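If you read the sequences in order, they're chains A and B. According to this note's numbering, the first sequence is numbered sequentially starting from 1. According to this note's numbering, the second sequence is numbered sequentially starting from 1.
By construction, these hints were calculated from the structure, which means they are not laboratory data. Just so we're clear, the structure is a prediction, and the values are computed from it rather than from any experiment. One or more of the hints may lead you astray.
Derived lysine to aspartate or glutamate pairs resembling EDC-like cross-links, with alpha carbons at most 20 Å apart [claimed, not checked]:
| no. | chain 1 | residue 1 | chain 2 | residue 2 |
| --- | --- | --- | --- | --- |
| 1 | A | K145 | B | E139 |
| 2 | A | K145 | B | E58 |
| 3 | A | K145 | B | E75 |
| 4 | A | K145 | B | D195 |
| 5 | A | K145 | B | D181 |
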Amino acid sequence: MDPRRNYLAHPLPVRIMHWIGAVAVICMILSGLQIYNASPLLPFTFPGWMTLGGWLGGGIAWHLSAMWVLFADGLAYLAYGFLSGHFRRDILPPQPKVILRDLNDALQFRLAHQLGAYNGVQRLLYVGVIIVICLAVTTGLSIWKPVQLRWLTDLFGGYPVARTIHLAMMALIVGFLIIHLALVTLFPRTLVSMLVPVRSEPDNASQGGPR
Amino acid sequence: MSRKRAAVRASDIAPELARLNRRRVLTGGLSLGALTLLTGCDLSTHSGIDAALSMMLEFDDQVQAALFNPNRLAETYPASAITRPFRFNAYYPDWQVRIVPAQWRLEVSGLVADNAPWSLENLAALPQESQITRHICIEGWSQIGKWSGVPLHVFLRRIGADLRARYVAFKCFDGYSTSLDMASALHPQTILAIDFEDGPLSPEWGAPVRLRIPTKLGFKSAKNLQAIEVTNTYPGGFWEDQGYNWFSGS
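Construct the entire structure; sequences and hints are all you get.
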């Protein structure tokens, strides 16, 4: 076991990429809701205070700006996650039965939470949101460039379907954010550990992880 | 004019609207109160964020120009896929649609060898192309329609346009305008449409001649054309001047 790795709950690159990604994702969601309002797919629109950009043109300007931040941050994070072993160690979901056990514990508010060790439920949520954000970005590219990236648009079933998937991925990200923020509220020290260097808690072996 | 019209036409106040809207982009760009507070921007000027957004949109234009492949075609569809009824869309409601002015001619100007105006008959005598393609609006909705007319590259070559020029600008008699990069103007599916579905364009669909360009968002397919200019000076456009991304390629 790499001793440095056990030293911090979240290494510096993860903390930096987390916050850049968080700002980018929130800008994408709010400006995306502005764009959605121009031609709503569902029978409702979002109130102005939930949107960014002021009007369609402003929303698109934000969306086409923040996407580069998300794209660069996401690529850097994926590269770091694979190369550093972060994904293998921290994110890779365990056996389904371990996830079910942890989920059961979590729903009964019995699941232990150690800094630096991700339980089965966390792993499932994080791997899930990483995949969902990747799908949001790729469906977004496919509806931005349905001619130049036609293969990608076709992969998602054509422009109207890709647009619907793009919206659905946004909804899933919002769902993740609600759970994520609720859990951070329950365990405020996790917020501290994402801001400043905080020692992980290696004595309590991860319940869900293969470590 | 036989059509009933409003006391104030949108075209009469279009420059005023555009000016107001342009300001709205700037103020509206920052309307999210919380974020504005985070950035610590002065609400009365907020020029910093606007400058950053404009810079990013220019970067987007460059990326899109680089991604643009002149040989890659927009998907075409069978006649059975055509959306009916097709959705009317303009910067004004459909009861304000302009009828074609008497003695209409398509004017040509700028970096061209022959700037003689074109009648509809002259245009109809040029080689024609038909396409059934998806019209994708910047708002997100899309519809499949059928347009036929003169490929713009054929027309530009016929008038002896300088094909190394950067822009082709379009002015419309309904007060609208837009512009294309030369590479997109020369794309084989970019046409000066004179037919919609199986008959001549009616005023609401852009009579007598409209641009149809399936490799860009719908607002680039200007209706009711009046004049075409080949130029190296950035021409902007009705929506582009208000903040829509200029390239807006698909």
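Cross-check of the supplied hints:
{"no.": "1", "hint": "K145/A <-> E139/B", "result": "15 Å, holds"}
{"no.": "2", "hint": "K145/A <-> E58/B", "result": "17 Å, holds"}
{"no.": "3", "hint": "K145/A <-> E75/B", "result": "12 Å, holds"}
{"no.": "4", "hint": "K145/A <-> D195/B", "result": "27 Å, violated"}
{"no.": "5", "hint": "K145/A <-> D181/B", "result": "17 Å, holds"}
Of the numbered hints stated above, the single one contradicted by the structure is hint 4.
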